[in-house]
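Given chain Y, put chain R in place with the hints provided.
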Amino acid sequence: MLAIDFVDGGGVTIAGRLDAAEAPRAQTFFDRLEGTVTLDCSRLEYISSAGLGVLLKTQKRLLASGGKIRLTGVSSHLNDILGYSGFDRIFEVERAR
Amino acid sequence: MTTSAAFKRSFDSIPRIFALTAEAFARDGIDPRLLHTVDLALEELFTNMVKYSTTTDAAVQVEIVAIEDGVEVTLTDYDVEPFDVTQAPDVDITLPIEQRRPGGLGLHLIRRLLDSIEYDYSKEKRRSRITFRKTQSGSPASRRVANKGEENACD
Numbered sequence: 001m002l003a004i005d006f007v008d009g010g011g012v013t014i015a016g017r018l019d020a021a022e023a024p025r026a027q028t029f030f031d032r033l034e035g036t037v038t039l040d041c042s043r044l045e046y047i048s049s050a051g052l053g054v055l056l057k058t059q060k061r062l063l064a065s066g067g068k069i070r071l072t073g074v075s076s077h078l079n080d081i082l083g084y085s086g087f088d089r090i091f092e093v094e095r096a097r
Numbered sequence: 001m002t003t004s005a006a007f008k009r010s011f012d013s014i015p016r017i018f019a020l021t022a023e024a025f026a027r028d029g030i031d032p033r034l035l036h037t038v039d040l041a042l043e044e045l046f047t048n049m050v051k052y053s054t055t056t057d058a059a060v061q062v063e064i065v066a067i068e069d070g071v072e073v074t075l076t077d078y079d080v081e082p083f084d085v086t087q088a089p090d091v092d093i094t095l096p097i098e099q100r101r102p103g104g105l106g107l108h109l110i111r112r113l114l115d116s117i118e119y120d121y122s123k124e125k126r127r128s129r130i131t132f133r134k135t136q137s138g139s140p141a142s143r144r145v146a147n148k149g150e151e152n153a154c155d
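Heads up: the protein sequence lines correspond to chains Y and R, in order. Quick note: the first sequence, position 8, residue 8 per this note's numbering, numbers continuous. Quick note: the second sequence, position 20, residue 20 per this note's numbering, numbers continuous.
If you're looking for bench data, these hints aren't it; they were derived computationally from the structure. What you are looking at is a predicted structure, and each value in this text was computed from that prediction instead of being measured. Even for Gly, the Cβ is constructed at its ideal location relative to N, Cα and C. Each hint should be verified, as a subset may be incorrect.
Just a sample of chain R residues kept apart from chain Y, beta carbon distances all over 10 Å, derived [as the list claims (entries may be wrong)]:
#, residue
1, Thr3
2, Arg9
3, Thr55
4, Ala58
5, Glu63
6, Ala66
7, Gly70
8, Arg100
9, His108
10, Glu124
Only pairs whose alpha carbons sit at most 30 Å apart, straight line, appear in this in silico DSSO-like list of lysine-lysine [as the list claims (entries may be wrong)]:
#, chain 1, residue 1, chain 2, residue 2
11, R, Lys51, R, Lys125
12, R, Lys123, R, Lys8
13, R, Lys51, Y, Lys57
14, R, Lys8, Y, Lys57
15, Y, Lys57, Y, Lys68
16, R, Lys51, R, Lys123
17, Y, Lys60, R, Lys8
Same shape as in the complex, but just chain Y:
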């Protein structure tokens, strides 16, 4: 199950599992984002390549208009995934404390 919501201050929080079954719904939400967005990943339990594809597509679109996604609350597992996929080069990443 995946939940994505706006939070106070213009950020976004994502919780649950971002897999291939949930990616289309996530993409619909992310297509509404504009500017620079902080995405709180502290409750993101799981992400697959389908979910990474959603983040990549959104980052490309936002960068083209001067914005970007910043990832915060990144767990050790998610950080490994981002590193192996090279996404740590294209996203600003803040590890979970």
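Below, chain R alone, put in the same frame as chain Y:
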């Protein structure tokens, strides 16, 4: 003990696949720290089968077996052409974002996270079989990839 089930060729099967791994891990006492990696590998391999073998309606069989220090998982796909996932090219992760594409990332990732991946194709049965292992102490499959069988190919 083996935990197994057959899954319809649809992304809608993914939550049920995750339920099967959770069941096997809980019942067989498999280290829960391995669960996300096993789920990731299963999802990437299953979705690959769904996306690239579109001429069959055959269900994909998944078997999960506890082994020392970890788990071994086998996916079997019937009535399909060969596609050796162990030979799929790596993604160039150094490319600038404008040139990055999501394709191929799943197999690239799981080769770095798993201990081993083996591919076997039976031409006579038109059957693909992928077996992967993940242990708590293992090393990445990107250094120990193997394939075997009557015929292997990569598209």
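We went through each hint and held it up to the structure:
no.: 1; hint: Thr3; result: holds (20 Å)
no.: 2; hint: Arg9; result: holds (13 Å)
no.: 3; hint: Thr55; result: holds (20 Å)
no.: 4; hint: Ala58; result: holds (19 Å)
no.: 5; hint: Glu63; result: holds (21 Å)
no.: 6; hint: Ala66; result: holds (21 Å)
no.: 7; hint: Gly70; result: holds (16 Å)
no.: 8; hint: Arg100; result: violated (6 Å)
no.: 9; hint: His108; result: violated (7 Å)
no.: 10; hint: Glu124; result: holds (31 Å)
no.: 11; hint: Lys51/R - Lys125/R; result: holds (21 Å)
no.: 12; hint: Lys123/R - Lys8/R; result: holds (23 Å)
no.: 13; hint: Lys51/R - Lys57/Y; result: holds (20 Å)
no.: 14; hint: Lys8/R - Lys57/Y; result: holds (28 Å)
no.: 15; hint: Lys57/Y - Lys68/Y; result: holds (11 Å)
no.: 16; hint: Lys51/R - Lys123/R; result: holds (20 Å)
no.: 17; hint: Lys60/Y - Lys8/R; result: violated (34 Å)
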